[in-house]
Amino acid sequence: MLIDDRIYRLIKLLLYIAKEENTEVTATKLQKIFFLLEKEKEIQLGLDFKPWFFGPYSSKLQDYIDKLIELGEVDVEEEEVRDPLSGAIIGYKRNYVLKLELKPEEEEKEIEMFFREWVKKSRTEILNYVYKKYPEYAKYSMIRDKVLSRLQE
1 MLIDDRIYRL IKLLLYIAKE ENTEVTATKL QKIFFLLEKE KEIQLGLDFK PWFFGPYSSK
61 LQDYIDKLIE LGEVDVEEEE VRDPLSGAII GYKRNYVLKL ELKPEEEEKE IEMFFREWVK
121 KSRTEILNYV YKKYPEYAKY SMIRDKVLSR LQE
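The sequence shown maps to residues 1 to 153 in my numbering.
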């Protein structure tokens, strides 16, 4: 299987598991789970994660998910994010949803279990783990201090 095909397959597998577990996969969650897949399972996908505004980020991974959206295999549900003081819209939370059915393959069992473990966790739990274990990827994060201060409570 070509690396591109494998990445597309893994994204769809993650979204399939999220649907089964009745949980969301936001842009942040997608990025962090794939980061952990490369780091902790040592599955090299060549996604080239870099420190970014919300921790480890791969523009390549974003390109893959954008292509799946363009192909109509993944839907995006957007939710407005409002400033708590002014009420102005300051952004959108993107939730990715798989539009088709998928049958996990037997050789994907280990990755499926890994995805199942992480997809059930909240965004906060995942960020806490990533920022604590991989601080070098949080150095440019705009939310690093907030995340790390919660860990010390």
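Hints may be right or wrong, so weigh each one.
[Claimed, not checked] Cross-link-like lysine-lysine pairs, in silico, BS3-like; alpha carbons within 30 Å at most:
1) 121 / 50
2) 12 / 99
3) 93 / 103
4) 93 / 39
5) 120 / 93
6) 139 / 50
7) 121 / 41
8) 132 / 19
9) 41 / 60
10) 12 / 120
11) 19 / 103
12) 132 / 99
13) 39 / 19
14) 139 / 103
15) 99 / 139
16) 67 / 39
17) 133 / 99
18) 41 / 93
19) 121 / 12
Just so you know, the hints here were simulated from the structure itself, not pulled from any lab data.
Q) Which of the stated hints cannot be reconciled with the structure, identified by number in ascending sequence? A) 12, 14, 15, 17
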